[in-house]
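**Student:** Taken in order, these protein sequences are the chains called V and B.
Heads up, the first sequence is in the numbering used here, so the first residue is -10 and it goes up one at a time.
Heads up, the second sequence is in the numbering used here, so the first residue is 1188 and it goes up one at a time.
Check the hints yourself; a few may be wrong.
[Said to hold, decoys possible] With a cut-off of at most 35 angstroms between alpha-carbon atoms, the simulated DSBU-like pairs for lysine-lysine come out as follows:
1) B/1228 <-> V/129
2) B/1228 <-> B/1351
3) V/202 <-> V/233
4) V/129 <-> V/80
5) V/80 <-> B/1351
6) B/1351 <-> B/1436
7) V/129 <-> V/202
8) V/80 <-> B/1524
9) B/1228 <-> B/1436
[Unchecked claim] Going by beta-carbon spacing under 8 angstroms, a handful of chain B positions derived as facing chain V:
10) 1220
11) 1278
12) 1285
13) 1357
14) 1391
15) 1394
16) 1436
17) 1439
None of these hints come from the bench; they were simulated from the model.
Cβ coordinates follow ideal geometry from the N, Cα and C atoms, glycine included.
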Amino acid sequence: MSLLEARGVSHYFGGLCAVDDFNLTLEPGELMGIIGPNGAGKTTIFNLLTGVYRAGKGSIRFGGAELIGKTPHQITAMQISRTFQNIRLFKDLSVLDNVRIAHYSQIAYRPLEAVFHVGRYRREERRIINRSMELLAMLKIDHLATETADNLPYGLQRRLEIARALAVGPELLLLDEPAAGMNPNEIDQLMELIGWIRRQFDLTILLIEHQMKLVMGICERLLVLDFGATLAEGSPHEIQNNPKVLEAYLGEEPVG
Amino acid sequence: MIPMIQNSWKKTAGQRWLMPVLVVAGLGTSFAVPEYALFNKYIQLVMMYVGINIILTVSLNLVNGYMGEFSLAHAGFMSIGAYTAALLTMRVLPVMDHPWLFPLAVMAGGLAAGFFSLLVSVTSFRIRGDYLAIITLAFLMIVKSVIENIDYLGGPRGLPGIRKLTTLPWTYFWVVFSVWVIRNFVYSKYGRGVLAIREDEIASELMTVNTQRVKILTFAVSAFFAGVAGALFAHVLQFISPRVFDIIKTTDILIMVYLGGIASIGGSILGAVLFTVLLELLRPSNTAAILAFLPDVIFNPVNQHFIQHLGVWRMVIMPLLLVLLMLFRPHGIMGLKEFSWFIPRLDLEAGHPAAPEDNIHEPA
C-alpha cells in the first residue's frame, strides 16, 4: 500500500487557484522531489499536506487515514514532519529545547504530573532529553545544545531544523527548499546528509527544491508544478528531456 | 558528555542550597512576625500585600510573559476568586468554628476563576495580539458589570463584613505553592509549548504541540492563581466591591510583570516586591518617617521639603521609573532570565557543556 495518496486536491485563495487537481502517490521509502517556478504552489502543497491549510476539494490519505480536516498537530503526530522554506526555528530558545518541543506528542505525562513534577514526569523528561541529545549528536550539533538557536550560523540552523523535524519521529519527511541559500559545497554535504538520514531513520522523503544539482542528484522521481497544475511527473532523466518542462521551467538551455 | 554534565552540576550545585534555605527562612518569618509582633500591623499588612502581589504577578507572567499574549483579564479572575471565597466564608462554610476551612474557600475561589478562564482561552484560539487584549478587556468589564447587577453579591455597593482570615503564614503558604506550581508548569512539556507558541504558533503546531490544549491549561493555571490571590485579598481587605477589581488593578499587575521582567518567575517576584514596597514608601506618612532616619548632612530644608512632598508625586515617580526601565531594559529587570538555583536540576543539566559563568541563566 502506498504511504501517501493525494487525490484531486484543489485549493483556492479567494478566487485564485493555488493548487488545481493535484495527485500524488508516494511509496514507502521513496525520495521524491517537487519542482516548479516561484508561485507554482509547491509550499501550498506542503501546507495542505500538514493541515496548515484545509484543502477545499479532494482527499489526502496517509497510511490509509484521511488527513483533510485534521489539525496540524494531529497530522504531525501521525508522523509527518516538515522543515520550512524560511527557517522557522524557535529562535530565542536553546538548540536543545527546539528539539525537545518537537517531542511534545511523545511525552506521556499529564497536566497534574507536570504541575507537581511527580509520576512519569522525571522519567519522561530524562528520556526526551537523552533522545534529543542523541539526535543532536547524530547531526553533529550536540556541542551547541545550550546555545540560543538564533546564534547558530545559517547552515547549522538548517541542520537544526532537520533535527527538530526528525524529533517528531516521522515516517514521511517534507523538506521545503533545504538547500536555499547554500553554496555548492554545502549542497554536497546536504545531499549526503539527506541520504544518510533517509537510511538511518527509514524515511520517505518529499522535497521542494530549486537547486537542480540537488534535485537531479538525489531524487528518484520528480513532479513539476506550474501555476498550481501538475505539468509532468517522472524520473529526473525524463523530466530533463520533457519539452513542456523545458519550456515552462528550465528554459531553452539543457540542464547539466 | 556525561563527565561534562557532572562537572557543571558541581559548579551550580554551590547555589542550590539557597532554595530550601529561603523557603524555610520565609516560613519561620511568616510565623514569627505576627506571633512576636516583630513589626507593627501596618508593615504586616504590607507584607501580605507583597505576597498577594507576587502570586498575581507570577501568574500573569505565564500568559503575558511566557506566552507573549497581552491579557488584561487578570483583575477579573481575581474578583471571581474574591467573591467566590468571600461568599463561602460568609454564608456557607462555618469558618468561625473551623478556621481550617479557609484554604478550601481559597481553593474554590481559584477553581471558579480557572473555570471562567475557558471564556478567554477559547477565544484565544483564533484571536491574538491586540485583538485578544481588547477581548480580555471586555471580559474584565463584563465581570465587573455582572457583579454590579447581582444584589446577592452586594451590587455596586460591594460586600462588607468579610472576616479577616488571611494571615501571614497562609499568605506565605499560597505564595510558595503558586510559585512552585507555576515553575513546575514552565519546566514541563506544557511550559515549553507555551514558549513555542510565543515564538511561532504555526511552527509549534507543526512540531506536534497541541496549542489549544496548551492555551487552555495556561490560562487556567494563570486564572486559578489570580482567583487564589483575589480570595486572599478579600480576606485581608474585609470589604470587596466591583470597583476594587477594575482596569487600574490589572494595570498594577501589568506594571509589576514588565518591571520584574517577562518570562521570568524570579523577575516577577522581584517586580512585585519592588513595586509594592516602593509605592508604600512613597506614601506621605512614610516619607516623613524616612526623613527622620536620614543623617543630618542631607537633612537640610531643601531636602526636607522635597522628601515630604515626594508622596504627592508617587503616581508620577512610579510611571517615570517605568518609562526609564523600558528605555534601558525593555525586557524588565530580569527579562527572559532566571536564577540558576531556581531552575529544576534536570533542566539545568540538560545539554550542557558550558558551565554557567554566574548565577543568571537564560530560561531553559
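**Student:** Does each hint hold? Answer for all of them.
**Tutor:** The hints, checked one at a time:
1. Proximity of residue 1228 of chain B to residue 129 of chain V is assessed by CA-CA distance (about 61 angstroms); at most 35 angstroms being required, the pair is judged violated.
2. A threshold of 35 angstroms between alpha carbons decides the hint, and for residue 1228 of chain B with residue 1351 of chain B the separation of about 13 angstroms falls inside it, so the pair holds.
3. With a CA separation close to 20 angstroms, the supplied pair residue 202 of chain V and residue 233 of chain V stays within the 35 angstroms bound.
4. At roughly 19 angstroms between alpha-carbon atoms, residue 129 of chain V and residue 80 of chain V fall within 35 angstroms of each other, so this suggested pair holds.
5. Under the criterion of a C-alpha separation no larger than 35 angstroms, the hint pairing residue 80 of chain V with residue 1351 of chain B is inconsistent with the structure, at around 48 angstroms.
6. Our distance criterion of 35 angstroms between C-alpha atoms is met by residue 1351 of chain B and residue 1436 of chain B, whose separation comes to about 21 angstroms.
7. For the hint pairing residue 129 of chain V with residue 202 of chain V, the CA-to-CA distance comes to about 24 angstroms; that is within 35 angstroms, so the pair holds.
8. Distance hint between residue 80 of chain V and residue 1524 of chain B is fulfilled; the C-alpha atoms sit about 15 angstroms from each other, no more than 35 angstroms.
9. The straight-line distance between the Cα atoms of residue 1228 of chain B and residue 1436 of chain B is roughly 24 angstroms, inside the 35 angstroms bound, and the hint therefore holds.
10. A cut of 8 angstroms between beta carbons decides the hint on residue 1220 of chain B: the least distance to chain V is about 29 angstroms, and the hint is violated.
11. Violation of the interface hint for residue 1278 of chain B is found here, the shortest Cβ-Cβ separation to chain V being roughly 31 angstroms, above the 8 angstroms cut-off.
12. Because the beta carbon of residue 1285 of chain B sits about 27 angstroms from the nearest beta carbon in chain V, more than 8 angstroms, this interface hint is broken.
13. Hint on residue 1357 of chain B is violated. Least Cβ distance to chain V is approximately 20 angstroms, over the 8 angstroms limit.
14. A cut of 8 angstroms between beta carbons decides the hint on residue 1391 of chain B: the least distance to chain V is about 7 angstroms, and the hint holds.
15. At a threshold of 8 angstroms, the smallest CB-CB gap from residue 1394 of chain B to chain V is about 4 angstroms, leaving the interface hint in force.
16. Interface restraint check for residue 1436 of chain B: the shortest CB-CB distance to chain V comes to about 26 angstroms, outside 8 angstroms, so the restraint is violated.
17. Restraint check, residue 1439 of chain B versus chain V: the minimum CB separation of about 27 angstroms is more than 8 angstroms; hint violated.
In this structure, the hints that do not hold are numbers 1, 5, 10, 11, 12, 13, 16 and 17, in rising order.
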